[in-house]
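Asks: Chains as they are written, first to last, in the working numbering: chain A, 8 to 268; chain B, 10 to 270.
Don't take each hint at face value.
Computed cross-link-like contacts, DMTMM-like style, restricted to lysine to aspartate or glutamate with a CA-CA straight-line distance of at most 20 Å [stated by the list, open to error]:
#1 K148/B to E80/A
#2 K148/B to E115/A
#3 K148/B to E79/A
#4 K148/B to D249/A
#5 K148/B to D49/B
#6 K148/B to E125/B
#7 K148/B to E165/A
Distance windows between CB atoms, simulated [to be verified]:
#8 D123/A to L52/B: 20 to 26 Å
#9 P84/A to I241/B: 34 to 40 Å
#10 Q21/B to A140/A: 54 to 60 Å
Hints are computed from structural coordinates only; laboratory data are not their basis. All values derive from a computational prediction rather than experimental measurement. Even for Gly, the Cβ is constructed at its ideal location relative to N, Cα and C.
Chain residues, written in single-letter form:
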Amino acid sequence: MPVVTLQRVAAAFEGPPVFEEVSFCVAPGETRILLGPVGCGKSVLLKLILGLLRPAAGSVQLFGEEIAHLPEEALFPLRARAGMVFQEGALFDSLTVRDNVGYQLLQERRPDAEIDARVREALRFVGLEQTFALFPSSLSGGMRRRVAIARALIHRPELILYDSPTGGLDPVTSETILELIVKQRDVRATPALVVTHRLQDAFALCTHRFDSEQGRMVPLAGGETHPTTTFLMLNEGRLIFDGSLRELLGSRDPFVREFLE
Amino acid sequence: MAIQTVDRTARQIVLTVQEYSLFAWRAWTNLFRPPVYWADFLLQADIIGVGSLPIVILAGFFTGGVLALQSATTLAVFGATAVTGQFVSLTMIRELGAVLTGIMVSGRNASSMASELGSMVVTEQIDAMRALGVDPMRKLVTPRLFATITMLLFLTVVADTFGILGGAAVTVFLNHQNGTQYLHMAYLHLHYADIAQGLVKPLFFGYIIASIGCFYGMRTTGGTEGVGRSTIAAVVNSAVLIIFVDFLITRILLSVLPYGS
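Using the sequences and the hints, build the whole thing.
Replies: Here's what the structure looks like:
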């Protein structure tokens, strides 16, 4: 059963719809990369999946449950099973890194020792254990993004949504973030939806794997692509592409061609 | 064209009132359903109650002093300076203690609630909280609402006390009248109905301050400029509503508990 299923979903605020007739699904273990120009509604789509926004039409299923008309109260337990990394990290600036990463555990009133241990484990995963007691304001943009990833992963989510995780970061920091996404995909096989407008990042996710022995991301042998990492493309209110990297490169859609070039 | 503008504005006002009513009702009912965040309640009670204490003491003391100064001049014409104590205590307890405290706390805390929550909205921290499975209404709004109601009650008692003391100081040191007589008159003509009236009002004012402050904060749009707009709207609307509701409550309470009962 797919983790996420969208059927003929439309989103609209005031004015013309942001997008219409969007249908796709995310299967268990699958990583889907959502491409599209800035302002085409990619972030809106991610928020619809978690019920943070309501669709104007269509059906959104999360973990097999229809959420389009579910009351807010009923959505909290479903959201707690997923993780989301926001565009700018969205860390709680009045809380330390420890309290940010362990936020869900704190709300569940887990023992302090357990929270500390799990926060340290999550921070170790993103390579930021030394930031445990710091406040977000003292971290760089890339570090904040990595802490946000740790916060999204601490609860062992069954789905993870990344909203432009490398947006506005330098190439070196971007690669660190991509490595974390690949690591999460290959080590824990967590299904994911990655929103990006950066083609090179999307290709890197599809053409690399995480090497546990070397502890870093390495290219797949023989120019292969990752079998469960596929692409979606949104443009001018429509989902114009859904398929593998090979199919993306062979697409005859004029916008896809222009985007690739 | 003008009719369209009026129509749009009227609809906007009705919609805002509807949204506010639903918001305030949800915040209220959340207290009676778990989870209740008592630690957040205590933290807010400290920020709102203890934090507002200096300004409330100063405002109460000098208002009482001014009342004594002004009334003594007028009462002297009638040879009735002996009732200065009665005048100050009744005015402070029935009216000015609650209204002044409400307006002072509104300026200090409705603004801080609107700007704090507004900043959290524009930096996606509220969405992040929802994505982590935590209800921002329960976590942020309900503790602020109940902390403001509770603390405003005590702050009003403090303002009343210091107002009477301010009046006593002016009576003794500036008007050179008898302090015992002032305090005796202040106490002698005080009835339970006066105290009831003075203590019912802060319950309503506290509800207005917190619900308006949080409401405008949570519906902030438009980045940092929007935070500024929300803050202004919260302070202006809560102050105006306090004075308006004060008029209504006074009218009702004067019929239910007439003077001298």
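Asks: Does K148/B pair with E115/A here, judged by a C-alpha cut-off of 20 Å?
Replies: Holds, at roughly 13 Å.
Asks: Quick check: does the Cβ-Cβ distance between Q21/B and A140/A fall within 54 to 60 Å?
Replies: 47 Å, violated
Asks: Holds or violated: are the alpha carbons of K148/B and E80/A at most 20 Å from each other?
Replies: Answer holds: K148/B to E80/A is near 13 Å, not above 20 Å.
Asks: Compare the distance between the alpha carbons of K148/B and D249/A with 20 Å, and conclude whether the hinted pair is satisfied.
Replies: Answer violated: K148/B to D249/A is near 40 Å, above 20 Å.
Asks: Need the status of pair K148/B, E125/B: alpha-carbon distance at most 20 Å?
Replies: 14 Å, holds
Asks: Hint says 34 to 40 Å; check whether the CB-CB distance for P84/A and I241/B agrees.
Replies: Once the Cβ atoms are compared, 38 Å apart, the range 34 to 40 Å for I241/B and P84/A holds.
Asks: Compare the distance between the alpha carbons of K148/B and E165/A with 20 Å, and conclude whether the hinted pair is satisfied.
Replies: 25 Å, violated
Asks: Run the distance test for K148/B versus D49/B: straight-line Cα separation, threshold 20 Å.
Replies: Between K148/B and D49/B the Cα gap is close to 7 Å, so the pair holds against 20 Å.
Asks: Is 20 to 26 Å a correct range for the gap between the Cβ atoms of D123/A and L52/B?
Replies: 22 Å, holds
Asks: Against the 20 Å threshold, does the CA-CA distance of K148/B and E79/A hold or violate the hint?
Replies: Holds - the C-alpha atoms of E79/A and K148/B are around 14 Å apart, at most 20 Å.
Hint compliance for this structure: hints 4, 7 and 10 are broken, all remaining hints hold.
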